[in-house]
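Chains as they are written, first to last, in numbering that gives the first Met the number 0: chain A, 0 to 524; chain B, 0 to 482.
It should be emphasised that the hints constitute simulated quantities derived from the structure, not laboratory data. Be aware that one or more of the hints could be misleading.
[What the hints assert, rightly or not] Short, incomplete list of chain B residues facing chain A, as computed with Cβ under 8 Å:
no. : residue
1   : M421
2   : Y424
3   : A472
[Claimed, not checked] In silico lysine to any residue, SDA-like type, Cα no more than 20 Å apart, as pairs:
no. : chain 1 : residue 1 : chain 2 : residue 2
4   : A       : K166      : B       : F281
5   : B       : K146      : B       : F164
6   : A       : K112      : B       : I406
7   : A       : K112      : B       : F365
8   : A       : K166      : B       : I410
9   : A       : K166      : B       : K184
10  : A       : K110      : B       : E426
A quick note: this is a predicted structure, and the numbers were derived from the prediction, not measured. Idealized CB from N, CA, C, for every residue including glycine.
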Amino acid sequence: MLFNADIPLLTIIVFLPLAGAASVLLAKGRQGIQGVALTTTLATFALTLLPLWQFRPEAAGFQFVEQAPWIAALGISYHLGIDGLSMFMLPLTGLLSIAAVLVSWNRIESKEKAYFISFLVLETGILGVFTSLDAVLFYVFWEAMLIPMFLIIGIWGSANRRYAALKFIIYTMAGSVFLLIGLIIMAFLHRQIGGVFTFDMVSWLTLNVPSRWQYGIFVLFFAAFAVKVPIFPFHTWLPDAHVEAPTAGSVILAGVLLKMGIYGLLRFCLPLLPEATLYFTPAIIALGVIGVIYGAFTAFAQDDLKKLVAYSSVSHMGLIVVGVMAGNLAGMQGGIIQMVNHGLSTGALFILVGALYERQKTRDMNRLGGMAARTPVLATFFVIMTLSSLGLPGLNGFVGEFLLLLGAFRYQWWIGALSATTLILGAVYMLWMVQRVFFESDRSGRSETPSDLSFREQAVMIPLTLLVFAIGLYPAYLTDRIATVSRQLISAPAIKADSPSETIRLAAAPVPVPIVMKNRGGDER
Amino acid sequence: MSMILPNVNLISLLPELLLLAGATVLLFIRGAGRGRGIFPVAVASVVASLAALAFFWDQGVRGFDGLITRDNGALLFQMMILIAALISFVLADDYLPEHRNAGEYFSLLLFALIGTGIMTSTGDLLVIFLGIEILSLSLYVLVGFLKDVRAGMEGAIKYFLLGSFSSALFLLGLALWYGATGATKLAAFAVPAAAPALLQAGAALMIAGLGFKIAAAPFHMWAPDVYEGAPVCVASFISVAPKIAAFAVFLRFASEIAGPGREAFAAAVIFMSVAGMVIGNFTALRQTGIVRMLAYSGIAQAGYILIGLLAVPEGGASAIAFYLIVYIFMNLGAFASVSHLSRRQGRTLQIDDLAGLAARHPRHAFALAVFMVSLAGIPPTGGFFAKFYIFKVGIDAGYLSVVLIAIITTIVSFCYYLRVVMVMYMEEAGEEAWEGTLPRPAGATLIGVMIAAIVVLTFLLGILPEEFLRSAATALPAVIAGI
Numbered sequence: 000m001l002f003n004a005d006i007p008l009l010t011i012i013v014f015l016p017l018a019g020a021a022s023v024l025l026a027k028g029r030q031g032i033q034g035v036a037l038t039t040t041l042a043t044f045a046l047t048l049l050p051l052w053q054f055r056p057e058a059a060g061f062q063f064v065e066q067a068p069w070i071a072a073l074g075i076s077y078h079l080g081i082d083g084l085s086m087f088m089l090p091l092t093g094l095l096s097i098a099a100v101l102v103s104w105n106r107i108e109s110k111e112k113a114y115f116i117s118f119l120v121l122e123t124g125i126l127g128v129f130t131s132l133d134a135v136l137f138y139v140f141w142e143a144m145l146i147p148m149f150l151i152i153g154i155w156g157s158a159n160r161r162y163a164a165l166k167f168i169i170y171t172m173a174g175s176v177f178l179l180i181g182l183i184i185m186a187f188l189h190r191q192i193g194g195v196f197t198f199d200m201v202s203w204l205t206l207n208v209p210s211r212w213q214y215g216i217f218v219l220f221f222a223a224f225a226v227k228v229p230i231f232p233f234h235t236w237l238p239d240a241h242v243e244a245p246t247a248g249s250v251i252l253a254g255v256l257l258k259m260g261i262y263g264l265l266r267f268c269l270p271l272l273p274e275a276t277l278y279f280t281p282a283i284i285a286l287g288v289i290g291v292i293y294g295a296f297t298a299f300a301q302d303d304l305k306k307l308v309a310y311s312s313v314s315h316m317g318l319i320v321v322g323v324m325a326g327n328l329a330g331m332q333g334g335i336i337q338m339v340n341h342g343l344s345t346g347a348l349f350i351l352v353g354a355l356y357e358r359q360k361t362r363d364m365n366r367l368g369g370m371a372a373r374t375p376v377l378a379t380f381f382v383i384m385t386l387s388s389l390g391l392p393g394l395n396g397f398v399g400e401f402l403l404l405l406g407a408f409r410y411q412w413w414i415g416a417l418s419a420t421t422l423i424l425g426a427v428y429m430l431w432m433v434q435r436v437f438f439e440s441d442r443s444g445r446s447e448t449p450s451d452l453s454f455r456e457q458a459v460m461i462p463l464t465l466l467v468f469a470i471g472l473y474p475a476y477l478t479d480r481i482a483t484v485s486r487q488l489i490s491a492p493a494i495k496a497d498s499p500s501e502t503i504r505l506a507a508a509p510v511p512v513p514i515v516m517k518n519r520g521g522d523e524r
Numbered sequence: 000m001s002m003i004l005p006n007v008n009l010i011s012l013l014p015e016l017l018l019l020a021g022a023t024v025l026l027f028i029r030g031a032g033r034g035r036g037i038f039p040v041a042v043a044s045v046v047a048s049l050a051a052l053a054f055f056w057d058q059g060v061r062g063f064d065g066l067i068t069r070d071n072g073a074l075l076f077q078m079m080i081l082i083a084a085l086i087s088f089v090l091a092d093d094y095l096p097e098h099r100n101a102g103e104y105f106s107l108l109l110f111a112l113i114g115t116g117i118m119t120s121t122g123d124l125l126v127i128f129l130g131i132e133i134l135s136l137s138l139y140v141l142v143g144f145l146k147d148v149r150a151g152m153e154g155a156i157k158y159f160l161l162g163s164f165s166s167a168l169f170l171l172g173l174a175l176w177y178g179a180t181g182a183t184k185l186a187a188f189a190v191p192a193a194a195p196a197l198l199q200a201g202a203a204l205m206i207a208g209l210g211f212k213i214a215a216a217p218f219h220m221w222a223p224d225v226y227e228g229a230p231v232c233v234a235s236f237i238s239v240a241p242k243i244a245a246f247a248v249f250l251r252f253a254s255e256i257a258g259p260g261r262e263a264f265a266a267a268v269i270f271m272s273v274a275g276m277v278i279g280n281f282t283a284l285r286q287t288g289i290v291r292m293l294a295y296s297g298i299a300q301a302g303y304i305l306i307g308l309l310a311v312p313e314g315g316a317s318a319i320a321f322y323l324i325v326y327i328f329m330n331l332g333a334f335a336s337v338s339h340l341s342r343r344q345g346r347t348l349q350i351d352d353l354a355g356l357a358a359r360h361p362r363h364a365f366a367l368a369v370f371m372v373s374l375a376g377i378p379p380t381g382g383f384f385a386k387f388y389i390f391k392v393g394i395d396a397g398y399l400s401v402v403l404i405a406i407i408t409t410i411v412s413f414c415y416y417l418r419v420v421m422v423m424y425m426e427e428a429g430e431e432a433w434e435g436t437l438p439r440p441a442g443a444t445l446i447g448v449m450i451a452a453i454v455v456l457t458f459l460l461g462i463l464p465e466e467f468l469r470s471a472a473t474a475l476p477a478v479i480a481g482i
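Throw the hints in and build the complete structure from the sequences for me.
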């Protein structure tokens with residue numbers, strides 16, 4: 000490794016927040032607790048930046064790999080590593096965790112200690128999910144992370160929080176247990192074919208899963224990831240969870256947690272089960288397109304700001320699903336980039352909605368209005384993030400959406416056309432929201448002038464805004480680093496599967512179809 | 000059997016003799032009137048018995064011409080039971096301080112342990128029956144230990160009637176078995192019998208009798224009433240110790256059975272397992288009393304563990320042992336918390352009574368939450384790897400559909416386990432419910448330290464299960480070989 004191999008960098012990154020949580024337990028007083036939490040998240044973020052400039056974009060496979068035996072009796076190892084797919088998710092998690100701590104600063108009235116501990120444990124869980132290369136380790140982080148999120152929504156959320164928390168955890172856990180069965184079956188297949196009972200994902204990559212198993216396993220995996228993304232019609236937990244969660248909870252939920260669903264699809268389904276992936280692609284793309292349009296129309300109908308942003312997430316995540324499943328380089332790159340972009344802009348929007356709520360005590364757009372004149376700074380940030388979210392050229396959202404739509408058009412022109420409605424519909428509901436909240440006349444009936452963004456809130460927003468511009472103006476930094484992994488991901492189905500009907504589709508992709516490999520497909524001996 | 004007992008080797012019963020000595024001494028201490036040394040004597044005899052078991056580890060011991068055969072598997076199961084007993088002693092000490100019959104209480108518990116010790120360490124059906132009866136008779140009395148509690152008496156009568164009935168079933172099965180094979184040895188399973196129908200009927204009746212002891216559906220009807228009626232410290236013991244002993248017997252059944260009986264056995268186990276998971280989990284959803292909820296959860300957990308029996312001899316035994324190790328800690332931990340909370344209550348503790356517990360007793364609430372999360376099988380707790388291992392061996396043995404049912408019922412179980420967490424952390428307390436029911440936390444109490452230790456162990460089993468898994472895996476093949 001380029002990084003000094005003696006230092007287990009990823010382990011430190013993953014478990015630093017957990018150590019921070021332990022220190023929070025010992026901290027005294029509100030300032031002490033918050034101070035420890037902030038220091039931990041800052042340090043973690045700094046560490047997540049290190050892999051960025053030591054990462055070798057051209058190298059295939061995983062980097063910064065650490066491996067040690069964990070539960071040898073069951074073929075489980077402690078195996079960490081990152082590739083182009085996961086590397087940007089780490090700093091995104093780090094950054095949004097800082098934001099989560101800062102927006103909660105002095106805002107938590109009860110049980111602050113438990114609150115910050117939950118967030119730090121949550122951060123460890125998320126970072127663990129993105130770095131695990133062992134399926135059981137992945138699953139442990141994947142599930143362990145749900146409990147703190149459950150507590151965050153259920154304890155510190157708003158009025159209907161208990162219902163939302165239970166719905167969130169039951170939905171996501173229900174999906175996850177199917178994933179577990181799928182993982183166990185994969186390990187058995189590996190023993191059958193490869194000779195070793197192992198949960199090591201890197202070994203799994205070399206496995207040609209027999210086609211009679213692929214479809215069943217795919218369905219088991221898909222259940223977990225579809226709920227998490229969420230893909231229509233598994234999305235119904237999302238608006239509830241978002242509306243009831245505290246601001247910081249929404250930020251992490253929208254910013255990072257949803258990405259784990261896409262991440263899982265790309266990490267497990269595409270490379271491991273190429274044949275089933277090809278088989279199910281049309282259905283998944285159809286669900287994605289439905290999600291795009293349904294999410295947009297539902298967002299359009301909302302009066303609650305948080306609900307609107309939540310449904311816009313459903314729409315945007317649907318577009319990402321369409322792009323990554325389209326099977327071409329543009330769509331895949333767009334999807335991976337959009338994972339980062341959506342995290343930044345939606346996270347930021349939730350922070351701003353939270354700030355608005357604190358000032359006006361309502362999220363109902365019918366009772367807001369005219370905020371631009373009174374809180375110009377807030378309004379400026381809000382408009383920038385809205386424009387980023389709807390894909391204005393020059394901002395980050397444009398890069399992702401453009402590539403995604405390009406990918407969708409290359410798949411089928413009419414799929415692209417349907418997906419492109421996101422641009423129009425997104426502009427409609429987003430801009431209408433801005434109009435209703437920041438312009439028009441004040442409907443709040445409150446006489447006092449709300450204060451503008453505080454220094455603390457600006458400190459959160461400025462880096463996010465800078466990133467929005469930076470990615471929008473220089474996306475090559477991202478695309479270069481994810482090119483290798485994107486090529487691998489789209490070529491996996493092409494190499495391993497043996498489905499003649501797909502040749503036409505793949506010919507449109509910028510990668511040459513590896514016809515030589517055709518004879519490798521088919522069933523195992 | 001001949002009149003001259005050859006090769007008695009009393010040493011093989013040393014662990015039980017130590018328990019017997021303790022039980023006898025306890026009765027005398029009670030007679031002396033003071034009740035001072037009751038708890039230490041009880042603990043000392045269990046610890047001595049544990050030490051004796053540890054002494055036999057890896058060398059094994061046989062006695063009574065092979066009627067008592069202690070291999071590592073038998074030793075492991077009895078050690079687990081003794082550890083569970085120690086935990087329940089601490090509970091009893093907290094729940095029944097200065098009870099005037101405490102001597103009898105601990106004495107009866109020790110007798111029950113003698114019963115489990117015999118059950119786990121023999122391959123002879125008649126001796127197994129002897130063990131079951133020693134265990135059951137002690138437990139019948141313990142359930143009704145608090146004479147002035149009506150529900151307790153009701154539970155005791157119910158337990159006694161149904162328990163005797165199940166013992167009778169076992170005995171009838173044993174008689175048929177003897178008729179078919181001419182021997183009381185379990186090993187006779189392997190030889191082709193003259194009358195296979197008789198053999199199968201005998202096996203079925205014995206399985207039903209044992210199913211009662213582990214509260215496997217459809218023989219679970221007694222469990223909720225008995226758990227609720229019995230003192231919580233007794234309920235905690237009943238929820239664990241007889242289960243472990245009965246599973247030890249089940250494992251011997253599973254590893255010995257062959258031929259056409261094999262399929263019948265597998266069918267019976269699948270039926271009990273699926274019924275337990277479905278009935279247990281769905282009924283637990285509707286419970287309001289926390290002990291009743293734990294009772295149905297126990298029925299469901301027995302269903303999960305039964306999956307392991309299908310995978311004998313391919314690792315099912317060690318999966319069961321590991322599950323039971325985890326189950327001791329998480330289930331007794333949950334019972335310990337509940338028992339500590341409910342000891343000053345005049346009535347049974349309802350789940351809603353826990354509202355706001357997190358604000359008043361954060362550590363206590365955290366412990367109970369950990370146990371619930373572990374029972375639900377969520378990482379990073381021991382409950383996760385226990386389920387994981389069971390599912391793994393189940394799939395390996397080719398019972399994917401049973402495992403899928405287990406998965407679906409697990410999702411159902413999240414609802415009621417997490418509901419406890421929700422009530423504790425997310426609801427405000429009704430003021431009057433809690434007045435004076437729990438003392439302010441005052442320093443480190445014995446039970447507090449123990450609960451903390453169990454929490455640590457529950458996490459340890461989830462983060463570093465390797466050691467426990469290895470000991471389970473190395474001990475258990477011996478169960479099969481040693482009969």
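Which numbered hints does this structure break? Hint check: 5, 6 and 9 fail, others pass.
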